[in-house]
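Under numbering that gives the first Met the number 0, the first residue of the sequence shown carries the number 0, and numbering increases by one thereafter.
Don't read these hints as lab results, they were simulated from the structure.
If you're wondering where the values come from, they're calculated on a predicted model, not measured in any experiment.
Some hints here could point you the wrong way.
[Claimed, not checked] Below, simulated SDA-like cross-link-like pairs (lysine to any residue); rule was C-alpha separation at most 25 Å, straight line:
hint : residue 1 : residue 2
1    : 177       : 58
2    : 85        : 111
3    : 85        : 110
4    : 85        : 114
5    : 85        : 144
6    : 51        : 89
7    : 177       : 64
8    : 51        : 174
9    : 85        : 19
10   : 51        : 12
11   : 177       : 126
12   : 85        : 149
13   : 177       : 122
14   : 177       : 124
15   : 13        : 133
16   : 13        : 75
17   : 85        : 32
18   : 13        : 117
19   : 177       : 106
20   : 51        : 152
21   : 13        : 68
22   : 51        : 106
23   : 51        : 151
24   : 51        : 88
25   : 177       : 11
26   : 51        : 30
27   : 177       : 13
28   : 85        : 29
29   : 13        : 91
30   : 177       : 128
31   : 85        : 132
32   : 85        : 70
33   : 13        : 28
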Amino acid sequence: MGTLRGDLAGYGEKRALGQLIHIRARVVDEDGAPVPGAVVEAWHCNASGRYKHPNDTDHAPLDPNFYGAARLVAGDSGLVELRTIKPGAYPVPDTAGWWRPPHVHFSVWGRVWLSRLVTQMFFPGEPLNEADVILNAIRDPQARNRCIATLTPTAKGPQHALLYDYQIVVRGRGATPKLP
């Protein structure tokens, strides 16, 4: 089984609004060995900060060309790839000015189906990361940094997109922190 890809950035010729990005997420165990066959779900809001979900009643516009979610199976190297757009920030309802920074949710089932990791990937250099209640609930700075992707320099990236690498350690030493 090779690398599997998901496309959240559009349908056919039509592309979602926003900065095109590629995410390479690698699922590994605590020893750094790949977890082939891991089921990875990813979802995030559109560039305006609105989820494609009936419970999101924010007034930000929906993007008809943005799918919003993908389910993939990791290849032999533990890798899944997403083509998507960078999510927007959004205000958290019923809070005093708390805005969520751009982030992507991941749900990962590894070798054991009873063991599910739900976490969030954040983008480096985002000013809202410093004030995010969820990200900063992780007190250990090293653990918190494991939730932040790496922007990988490329000449232009695939289709002129930004490329982010993210490692998901399903459990054990150096595990990726669990986040809602």
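Here is what the structure says about each hint:
1. 177 to 58: 29 Å, violated
2. 85 to 111: Answer violated: residue 85 to residue 111 is near 31 Å, above 25 Å.
3. 85 to 110: Not satisfied, since the Cα-Cα distance of roughly 30 Å exceeds 25 Å.
4. 85 to 114: 29 Å, violated
5. 85 to 144: Within the cut-off at roughly 19 Å; holds.
6. 51 to 89: Holds. Residue 51 to residue 89 sits at ~13 Å (cutoff 25 Å).
7. 177 to 64: 30 Å, violated
8. 51 to 174: Status violated; Cα separation ~29 Å.
9. 85 to 19: At roughly 6 Å apart (the allowed maximum being 25 Å), residue 19 and residue 85 satisfy the hint.
10. 51 to 12: Distance of about 20 Å is within 25 Å: holds.
11. 177 to 126: 22 Å, holds
12. 85 to 149: Distance ~14 Å between residue 85 and residue 149 Cα, so the pair holds.
13. 177 to 122: 17 Å, holds
14. 177 to 124: 21 Å, holds
15. 13 to 133: 34 Å, violated
16. 13 to 75: 31 Å, violated
17. 85 to 32: Roughly 29 Å between the alpha carbons, so the hint for residue 85 and residue 32 is violated.
18. 13 to 117: 30 Å, violated
19. 177 to 106: 10 Å, holds
20. 51 to 152: Outside the cut-off at roughly 30 Å; violated.
21. 13 to 68: At roughly 17 Å apart (the allowed maximum being 25 Å), residue 68 and residue 13 satisfy the hint.
22. 51 to 106: 17 Å, holds
23. 51 to 151: 28 Å, violated
24. 51 to 88: Distance of about 15 Å is within 25 Å: holds.
25. 177 to 11: Roughly 34 Å separates the two Cα atoms, so the pair is violated.
26. 51 to 30: 36 Å, violated
27. 177 to 13: 35 Å, violated
28. 85 to 29: Outside the cut-off at roughly 29 Å; violated.
29. 13 to 91: Given that 25 Å is the threshold and the Cα spacing comes to 30 Å, the pair is violated.
30. 177 to 128: With Cα atoms ~17 Å apart, residue 177 and residue 128 stay inside 25 Å; holds.
31. 85 to 132: Within the cut-off at roughly 20 Å; holds.
32. 85 to 70: 18 Å, holds
33. 13 to 28: Not satisfied, since the Cα-Cα distance of roughly 38 Å exceeds 25 Å.
The structure does not agree with the numbered hints 1, 2, 3, 4, 7, 8, 15, 16, 17, 18, 20, 23, 25, 26, 27, 28, 29, 33 stated previously, though it agrees with the rest.
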